[in-house]
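Chains as they are written, first to last, in my numbering: chain Y, 133 to 352; chain L, 133 to 352.
Don't read these hints as lab results, they were simulated from the structure. There is no bait here: all hints are sound.
Using 25 Å as the maximum straight-line C-alpha spacing, the simulated SDA-like pairs for lysine to any residue come out as follows:
1. Lys-253/L to His-145/Y
2. Lys-253/L to Asp-305/Y
3. Lys-253/Y to Glu-274/Y
4. Lys-253/Y to Arg-146/L
5. Lys-278/Y to Glu-306/L
6. Lys-278/L to His-230/Y
7. Lys-278/L to Pro-312/Y
8. Lys-278/L to His-145/Y
9. Lys-278/L to Pro-302/Y
10. Lys-278/L to Val-313/Y
11. Lys-278/L to Met-309/Y
12. Lys-278/L to Ser-232/Y
13. Lys-278/L to Met-233/Y
14. Lys-278/L to Arg-150/Y
15. Lys-253/L to Arg-147/Y
16. Lys-278/L to Arg-298/Y
17. Lys-253/L to Asp-304/Y
18. Lys-253/Y to Asp-308/L
19. Lys-278/Y to Val-313/L
20. Lys-278/L to Leu-144/Y
21. Lys-253/Y to Asp-277/Y
22. Lys-278/L to Phe-311/Y
23. Lys-278/Y to Arg-146/L
24. Lys-253/L to Pro-302/Y
25. Lys-278/Y to Pro-302/L
26. Lys-278/L to Glu-307/Y
27. Lys-278/Y to Asp-304/L
28. Lys-253/L to Ser-232/Y
29. Lys-278/L to Thr-183/L
30. Lys-253/L to His-159/L
31. Lys-253/Y to Val-313/L
32. Lys-278/Y to Glu-307/L
Here the structure is a predicted model, which is why all the values come from computation and not from measurement.
Here is how the chains run, residue by residue.
There are 2 protein chains.
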Amino acid sequence: MSSYSPTPRTTLHRRPVRGTYDRATVHSILDEALVCQLGFVFEGQPYVLPTMFVRHEERVLVHGAAAGRFMRTLAAGAEACVSVTLLDALVLARSAFHHSMNYRSVVVLGRAHEVTDRAEKLRAMALLVDKVSPGRSALAREPNDKEIRATAILSIPLEEVSAKIRVGPPVDDEEDMTFPVWAGLVPISLRAAPPQWDGLGDGSQPLPVMPRAVGSPRGL
Amino acid sequence: MSSYSPTPRTTLHRRPVRGTYDRATVHSILDEALVCQLGFVFEGQPYVLPTMFVRHEERVLVHGAAAGRFMRTLAAGAEACVSVTLLDALVLARSAFHHSMNYRSVVVLGRAHEVTDRAEKLRAMALLVDKVSPGRSALAREPNDKEIRATAILSIPLEEVSAKIRVGPPVDDEEDMTFPVWAGLVPISLRAAPPQWDGLGDGSQPLPVMPRAVGSPRGL
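Chain Y on its own, in the form it takes in the complex:
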């Protein structure tokens, strides 16, 4: 199926015109974003923590310290929420009220389970490294037994999923069109500066491949 099925929990109430359940769109947003914000409840308090992640097929994979209390809470099957946001432009309208941003966001609701199979875990660890620099897992020193044990990998299924996207120029009210202030978009995007070698080892190897996250500005 080319779209996720909306559920009562993923049906957008505010500005539903910005919503989409298109699978390719959701994948594209998840694949570009370097970090997600992982939400869960611990002792009655909602927590939201930033963490690296990667999408693999119809799952979001995150990693963390195996001994962490939050990882243990999530691995035990607590309800979770994964939120990912890419910013594309500042939207500067003539009226204060219509100021906005162009963005692409995804929200995933679901329960995590821990990946314990060694081969699956190694694959997830490789995918996480490749997210940051494509192809790099084949170049870096691979995880040893101690490192594999110290790492917990959680898998959250892409089942209850929605995306929300704003594109286009500011939308001002007709009567504001002559208001004397500049209006339009300022495209913003994550960009990379030249790599900085750490000065150790011999430093003669090829520079890292850049991830999609630091591509061209979109604005839209």
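Based on the hints, put chain L in the right spot on chain Y.
Frame of chain Y, contents of chain L only:
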């Protein structure tokens, strides 16, 4: 006081060396970030939604549609979590395990209350516009009564607050130093492309002032 007091809920368990409760550091991270991720629980499910925000003195202010169910839930005093993350560099180590990112993040725990005083609400709306482009609230057409009514402003106190920061090059194990792969940092940062006028009105007014969010790359 120059620092927030750690509580059991904001005491870092993982990598406490990266943590700080320094007030100026927390303010600086909050003031640079364009969006926060707002976490709360609705009908037992944690939700995390991206939203614009601004820090004003010792409060985080967010806005939303007054009629929204999530805004109503939060305004009713539900426990909330505000998470803000700035990415500064990809950290490419020799070992897969030591790959990381340089980042600056803040997590705020607390209950929101709704700002209902008209003057306070107008000030919050102006601060939100100025966050996106400094000084712009004085230039844009100010909110009218209908727009003020349609907007809910929530205020979350900066009381239970922690920041977490990673800086510096990759930290590889001694025995990996001769492993033949490039290692170091790739600085990343949010940057702006030239403003794009929307082609309406006369377009002769000065271009917008850029926010701190799109400043120089840090890397660190």
